[in-house]
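Enquirer: Now for the letters of each chain:
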Amino acid sequence: MIEVDQLVKRYGSTTAVAGLSFTARPGRVTGFLGPNGAGKTTTLRVLLGLDAPTSGSATIDGVPFRSHRRGLRHAGALLDAQQAHPGLTAAVHLAALARANGLPGRRVDEVLGEVGLTEVAGRRVGTYSLGMRQRLGVATALLGDPPVLVFDEPVNGMDPEGVRWARGLFRRLAAEGRTVFLSSHLIGEMAATADDVVVVGRGRLLAEGPIGDLAGAAGSLEDAFLELTSASVDYRAGGA
Amino acid sequence: MRDLIAAEWLKTRSLRSTRWTVAVTVLLVVGSAAVAAYTKSPADEPTLNDGFPLAGVLTLIIVATSFGASTMIGEYSSGLIRATAVAVPARAELVLAKAAVVATLWTVMGAVMAAGSFTVAGLVLGDLTLDRPGTGTALLAATLIGPACALVGLGLAVLVRHGGAVYVSGILLLVLAPQLFTTHQDLPRTINHAMLVPAWQRLTQSYGSPAAVGDIYTTVTQAWLAYALWPSLLLIAALLVHRRRDV
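The listed protein sequences derive, respectively, from chains C and H. Per my numbering, the first sequence starts with residue 16, numbered consecutively. Per my numbering, the second sequence starts with residue 2, numbered consecutively.
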């Protein structure tokens, strides 16, 4: 379970998140939607303890993430495809993270198999394509077999086969009873994957609920999204 | 904590750049002692500092500082820090584990380089023996300059975070700054004596009491104090800053 309560995060004079509250529940894929600059990534960073909140709270299973000494058994995250050292092989990258978290070495082989990187596990990450790095990021998230999974733009750079694979994986992880929290710009993809959605704009909550309820009123999820966020888009082509 | 140190060691030893750095540094430092010994005038009496030429230690200082820094800079520049921060929310432990790995590696390398330099210089010149007073101190100081600088580099990297700025500031602070402070006046001399290269010079290049060597050198006690304080103060600052900062 992910609970964000009255979360505020400021960087100097810029307010990235302005009093955001929502919940993502176990057993469901929750989509996290919003235009560029809406505060999605900032929210995920605070949730995972990379950034400290200015005020309010973001907790995983009731606990601020920074209070854990080791994190991978509590939550897994893909925050960016660029989160491995280019000079290390995927196998070593995962083995080091497993070792730091007291996880058995066989978990490395299991997650490599899960994401389809077994064949290239001995290659240095610097030689990987964007899609392969995304798969490595997913493997990293799965390593500790955690109850909560957070993915920021996970299918960015994946080919159609990869996108379909990722969709199936997220559905399966939720079916196993995990909380799957997924941020993306790809509304079609979200409509095909998520059970619930949280829509944010300019650091505030715009809508929250089952995807059917939201899409139903406006006709489609895309129409609903554009309608909700029309007042909070920062950059728009054509000078509108 | 042991698992974390094992994980950091796995990352460090798996990088090809680590193996190259270790091999090239040992060759350069021991080689510089050989060159210094061969080029010494036969008329001059062999002395302790023949085993520890300045060119060798300056190389060692620059490489060790950069190496210590790169263990943290590599995390920031590759984005690995994000995966690491999620895997290890206990940030002070992470910095300490990196410090343990870096300090151990450079102490082992330092011992090899100090013993190697001393032996090579002794073989070329003859008459460099362990029973001369100050030899043990010199070998220890030559061994520990590497880990001291590597930890300074690690601390700087946590504080400054941007690769180029860290490497330049490390070299400015450790190698160039002592040149700026003359030993002929009180205040500049005090500053000079607090720095690592002068401390290393005192411990490896000069015999006898301060009265005998003159006040261009600091005292042995002060020199060891510099060895202890530089890395520990930078590490403490790094721990304090890294605990609170957004990564």
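Hints are computed from structural coordinates only; laboratory data are not their basis. Hints may contain errors.
As the list claims (entries may be wrong) - Some chain C residues judged to face chain H by a derived CB distance under 8 Å, without partners named:
no.	residue
1	Leu-65
2	Thr-69
3	Ser-70
4	Gly-71
5	Thr-74
6	Gly-77
7	Arg-81
8	Arg-84
9	Arg-85
10	Leu-87
11	Gln-97
12	Val-107
13	Leu-112
14	Arg-187
15	Ala-230
16	Gly-234
As the list claims (entries may be wrong) - Chain C is nowhere near these chain H residues, computed Cβ spacing over 10 Å in every case:
no.	residue
17	Pro-43
18	Leu-81
19	Leu-97
20	Val-248
Glycine included, each C-beta is placed from N, C-alpha and C at the ideal position.
Enquirer: Which numbered conditions among the earlier hints are violated in the structure presented, ordered from lowest to highest?
Expert: 2, 3, 4, 5, 6, 14, 15, 16, 18, 20
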